[in-house]
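Between the sequences and the hints, there should be enough to build the whole structure, so can you do that?
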Amino acid sequence: MYNEHEPTDIQRVSAFPRGRLITFEGIDGSGKTTQIEKLSARLAESGIPVRVLREPGGTVIGEAIRRILLDKAHTGMCTETELLLFAAARAQLVREVILPDLEAGKWVICDRFFDSTAAYQGFGRQLDPDTIRSLNQLAVGTCRPDLTILLDLPVQAALDRLVGRKNKQDRLDHESVAFMERTRQGYRQLALAEPDRIIVMDAALQETELAEKIYHKIREGLAT
8 MYNEHEPTDI
18 QRVSAFPRGR
28 LITFEGIDGS
38 GKTTQIEKLS
48 ARLAESGIPV
58 RVLREPGGTV
68 IGEAIRRILL
78 DKAHTGMCTE
88 TELLLFAAAR
98 AQLVREVILP
108 DLEAGKWVIC
118 DRFFDSTAAY
128 QGFGRQLDPD
138 TIRSLNQLAV
148 GTCRPDLTIL
158 LDLPVQAALD
168 RLVGRKNKQD
178 RLDHESVAFM
188 ERTRQGYRQL
198 ALAEPDRIIV
208 MDAALQETEL
218 AEKIYHKIRE
228 GLAT
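Residue numbers (the numbering used here): 8 to 231.
Hints in this document: simulated from the structure, not taken from any laboratory.
Hints are supplied without guarantee of correctness; some may be wrong.
What the hints assert, rightly or not - The following label-pair restraints were derived from C-beta to C-beta distances:
hint : residue 1 : residue 2 : range
1    : Gly112    : Ala80     : 39 to 49 Å
2    : Ala211    : Ala48     : 15 to 25 Å
3    : Arg195    : Thr40     : 32 to 42 Å
4    : His181    : Pro161    : 13 to 23 Å
5    : Met84     : Asp135    : 10 to 20 Å
6    : Glu44     : Pro107    : 20 to 30 Å
7    : Arg168    : Ala48     : 20 to 30 Å
8    : His223    : Thr86     : 34 to 44 Å
As the list claims (entries may be wrong) - Quick list of in silico lysine to any residue cross-link-like pairs, SDA-like style, CA-CA up to 25 Å:
hint : residue 1 : residue 2
9    : Lys45     : Ile75
10   : Lys113    : Gln163
11   : Lys220    : Gln163
12   : Lys45     : Arg168
13   : Lys224    : Val59
Note that the coordinates shown come from a computational prediction; the quantities given were computed from them, not determined experimentally.
Built from N, CA and C at the ideal position, the CB exists for glycine as well.
See the structure below:
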């Protein structure tokens, strides 16, 4: 039976000297932002120091790169340039923010990480997977997520959600359905390859129900 005076598994883990890195992945429209907000609030209520980050971004350099990547005027950006810019922003974020925060005992929740590059540029853009792996390794070094939440949603459902935010669309919101399908299937293949790290969640669930399931997966996955 639950005892409010007993520390939860999450609270026990938070006593560890090193923090935790949790990443959220999924195609655009899968609901990552909402679920990250809910999880970070719940962890903070438990007394856990939390930092929420996004990719690309999170640093002055990263945010400048983000503006370049998402600018709708940059329709002529080649895929290799896109790949390198994402990696550059990630390298800065890891060294300037993520690693110091983990060493300080914070829990870092990041909206996208290297799995996004594997899914979007690897499967979506169909760039060479060996090049992707090498570049990801260079960008993050030994920094790897303790747990990754993959919000899986059919492409059409994601596109329907994106219609509701049409005033906020950027360069990457105008990809073809085929591109989105390749990216989604890429994510699913990544999850099959690393089932202990990547937890697939049904993003079609009601927001509150999904948030509860994610929280319990975090407890199960990190209470060790």
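Okay, the hints, checked on the actual structure:
no.: 1; hint: Gly112 with Ala80: 39 to 49 Å; result: holds (42 Å)
no.: 2; hint: Ala211 with Ala48: 15 to 25 Å; result: holds (22 Å)
no.: 3; hint: Arg195 with Thr40: 32 to 42 Å; result: violated (21 Å)
no.: 4; hint: His181 with Pro161: 13 to 23 Å; result: holds (19 Å)
no.: 5; hint: Met84 with Asp135: 10 to 20 Å; result: holds (18 Å)
no.: 6; hint: Glu44 with Pro107: 20 to 30 Å; result: holds (23 Å)
no.: 7; hint: Arg168 with Ala48: 20 to 30 Å; result: holds (22 Å)
no.: 8; hint: His223 with Thr86: 34 to 44 Å; result: holds (38 Å)
no.: 9; hint: Lys45 with Ile75; result: violated (29 Å)
no.: 10; hint: Lys113 with Gln163; result: violated (37 Å)
no.: 11; hint: Lys220 with Gln163; result: holds (23 Å)
no.: 12; hint: Lys45 with Arg168; result: holds (19 Å)
no.: 13; hint: Lys224 with Val59; result: holds (18 Å)
The structure shown violates the earlier hints numbered 3, 9 and 10.
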